[in-house]
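Participant: So the sequence lines, in the order shown, correspond to chains A and B.
Under our numbering, the first residue of the first sequence is numbered 1, with each subsequent residue one higher.
Under our numbering, the first residue of the second sequence is numbered 227, with each subsequent residue one higher.
Worth double-checking, as some hints may not be accurate.
[Claimed, not checked] Calculated pairs, SDA-like style, for lysine to any residue (alpha carbon to alpha carbon, straight line, at most 25 Å):
#1 Lys286/B x Glu186/A
#2 Lys449/B x Val411/B
#3 Lys355/B x Lys428/B
#4 Lys400/B x Trp216/A
#5 Lys287/B x Pro273/B
#6 Lys321/B x Thr257/B
#7 Lys126/A x Glu41/A
#8 Lys365/B x Leu69/A
#9 Lys428/B x Val256/B
#10 Lys323/B x Ser396/B
#11 Lys321/B x Val256/B
#12 Lys355/B x Asp329/B
#13 Lys365/B x Arg66/A
#14 Lys400/B x Val256/B
#15 Lys403/B x Leu61/A
#16 Lys365/B x Ser5/A
#17 Lys301/B x Ser291/B
#18 Lys365/B x Lys126/A
#19 Lys365/B x Ile74/A
#20 Lys363/B x Tyr179/A
#21 Lys363/B x Ser175/A
#22 Lys423/B x Glu186/A
#23 Lys449/B x Gly251/B
#24 Lys426/B x Thr258/B
#25 Lys365/B x Val75/A
#26 Lys365/B x Glu41/A
#27 Lys363/B x Ala168/A
#28 Lys301/B x Arg331/B
#29 Lys287/B x Tyr187/A
#30 Lys449/B x Pro273/B
#31 Lys400/B x Arg331/B
#32 Lys287/B x Gly188/A
#33 Lys355/B x Leu167/A
#34 Lys426/B x Glu289/B
#35 Lys287/B x Ala190/A
#36 Lys426/B x Thr298/B
#37 Lys400/B x Gln306/B
#38 Lys363/B x Phe77/A
#39 Lys363/B x Phe85/A
#40 Lys428/B x Ala313/B
Simulated from the structure, these hints should not be mistaken for laboratory data.
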Amino acid sequence: MNSLSLSLELAVSVAVILLMIGMPVAYWLAFSNWRGKFLLESVVALPLVLPPTVLGFYALLAMGPRGPLGRLWIVLFGHGLAFTFTGLVLASVVYSFPFAVQPLMVSFEAVDRKLLDASALLGAGKWRTFRRIVLPMSLPGVITALVLSFAHTLGEFGVVLMVGGNLAGVTRTVSIDIYDRVQALEYGEANHLALLLLAIAFAVLCFVYAVNRRVWMPAWKGWAAK
Amino acid sequence: MRVAAAADLKFAMDELSKDFEARTGTKVDVTTGSSGNFFAQIQGGAPFDLFFSADMDYPKKLEASGLAEPGTLYKYALGQMVIWTPANSPIDIAKDKWNALLDARVQKIAIANPPLAPYGRAAVSALQKAGIYEQVKTKLVYGENISQAAQFVQSGNAQAGIIARSLALSPGMKDGKAWEIPADVHTPIEQDAVVLKSAKNKTGALEFLKFVQGAAGQAILEKYGFAIPVGK
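Please build the complete structure, drawing on both the sequences and the hints.
Facilitator: Right under this line is the structure:
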């Protein structure tokens, strides 16, 4: 159970961090007119197509004493980043990045530009328009981003296997724990954890799809309706 | 023919399989990983013909449960362990020996995962016998198999590793500093191989096992840091 709570802690941390980083990036991608925007979009989507081994490999190099991140960490804190919870958070933020940015970007883009123009004409600045119009209207996107980055981090395996070092309570996430138990032929315990994870994943996806189908629409009608 | 081999055999197996292919024309596909992982996979019907474990227990258990071809169990090598640090490490492992692991500059020590990898169990037992396990256990990080443990220290993420001598002699690591763990704390790991009952190419598997037992095979194993069991 220890490994499950560790995974939940990791997933919550990553989801919160990704929401904070993802919002400005998604905002810029949604509203910028720069022609080279597709370049950044491609970078954001990279973790979707790269195998975790590629990310894990580069993460391990970057976090080591010869890597930029590892060197910085050793100067600041006296130890490297690999085999630490912080290291896992950083690697997972990269790994789950598109799962936060893409839903945010899509929902920002879907906001009616006329409303934004009206808001500007009425004298609201960009930040005020974002807070009062874009954000409330994108609420399903925000929830989707939060929940998907949470769920994707919870299901992470390859990157953690490569940079975690399998430390109980620090880097042994539930997916690694299940793997170890299967290899050790402890099918009972493996099944117990796997079923729990299955149930959590199903509940999370139900929630995301329900939000996007606006199942609870009547409760929101006043302020999020189009 | 498919061979499952413990991760400490990674480099030796490359040469063994190439040599065997050149002699017989039989193609050998080698998969390396942790012995415990293979043991679980073979129980699940993995399509291997021959299994080289890094211990004696897994092959014996396979034989006991009827998954191995009776009479094919063979002790092919004795595995040795070293403490390894990168060439540029400030630690003088040959001089400080076990004390090197207590050095504050050694923040992480990589070993293989004890529940799954015989080398992991051997490393823990050696640390216990040397009397420093309690002091260093918070420094330990675990590779999924002995190769990953080696890679953790080779990449500099861990400052020292207790790894197979066969890996310390490999091209990527032979420039590092290694100290051979003496026999009083570490009895060489007896490694067995066995032909699997489900083998599709049983003749090939037996032939390969025979080749490993022969002079050419043993010379390759010795070259990669394995000792040959006495009386073979």
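Participant: It remains to establish, for every hint, whether it holds in the given structure.
Facilitator: Going down the list of hints, with the structure as the test:
1. Lys286/B x Glu186/A: Holds: Lys286/B and Glu186/A sit about 19 Å apart, inside 25 Å.
2. Lys449/B x Val411/B: holds, 24 Å
3. Lys355/B x Lys428/B: Distance ~42 Å between Lys355/B and Lys428/B Cα, so the pair is violated.
4. Lys400/B x Trp216/A: violated, 64 Å
5. Lys287/B x Pro273/B: Distance ~18 Å between Lys287/B and Pro273/B Cα, so the pair holds.
6. Lys321/B x Thr257/B: Distance of about 37 Å is beyond 25 Å: violated.
7. Lys126/A x Glu41/A: holds, 22 Å
8. Lys365/B x Leu69/A: holds, 21 Å
9. Lys428/B x Val256/B: holds, 16 Å
10. Lys323/B x Ser396/B: holds, 22 Å
11. Lys321/B x Val256/B: violated, 38 Å
12. Lys355/B x Asp329/B: Holds, at about 19 Å.
13. Lys365/B x Arg66/A: holds, 20 Å
14. Lys400/B x Val256/B: holds, 23 Å
15. Lys403/B x Leu61/A: Given pair Lys403/B, Leu61/A holds - Cα atoms ~21 Å apart, limit 25 Å.
16. Lys365/B x Ser5/A: Judged against 25 Å, a Cα distance of about 23 Å means the pair holds.
17. Lys301/B x Ser291/B: Holds. Lys301/B to Ser291/B sits at ~19 Å (cutoff 25 Å).
18. Lys365/B x Lys126/A: violated, 51 Å
19. Lys365/B x Ile74/A: holds, 16 Å
20. Lys363/B x Tyr179/A: holds, 23 Å
21. Lys363/B x Ser175/A: holds, 23 Å
22. Lys423/B x Glu186/A: holds, 24 Å
23. Lys449/B x Gly251/B: With a Cα-Cα distance of about 23 Å, the restraint between Lys449/B and Gly251/B holds, given a limit of 25 Å.
24. Lys426/B x Thr258/B: Distance of about 19 Å is within 25 Å: holds.
25. Lys365/B x Val75/A: This hinted pair holds, its Cα atoms lying about 20 Å apart.
26. Lys365/B x Glu41/A: violated, 41 Å
27. Lys363/B x Ala168/A: Within the cut-off at roughly 12 Å; holds.
28. Lys301/B x Arg331/B: violated, 39 Å
29. Lys287/B x Tyr187/A: It holds: about 18 Å lies between the C-alpha atoms, which stays within 25 Å.
30. Lys449/B x Pro273/B: violated, 29 Å
31. Lys400/B x Arg331/B: Judged against 25 Å, a Cα distance of about 22 Å means the pair holds.
32. Lys287/B x Gly188/A: holds, 20 Å
33. Lys355/B x Leu167/A: Between Lys355/B and Leu167/A the Cα gap is close to 23 Å, so the pair holds against 25 Å.
34. Lys426/B x Glu289/B: holds, 17 Å
35. Lys287/B x Ala190/A: holds, 21 Å
36. Lys426/B x Thr298/B: holds, 15 Å
37. Lys400/B x Gln306/B: The hint holds at about 15 Å.
38. Lys363/B x Phe77/A: Holds. Lys363/B to Phe77/A sits at ~21 Å (cutoff 25 Å).
39. Lys363/B x Phe85/A: holds, 18 Å
40. Lys428/B x Ala313/B: Given that 25 Å is the threshold and the Cα spacing comes to 44 Å, the pair is violated.
Of the hints listed earlier, those the structure fails to meet are numbers 3, 4, 6, 11, 18, 26, 28, 30, 40, in rising order.
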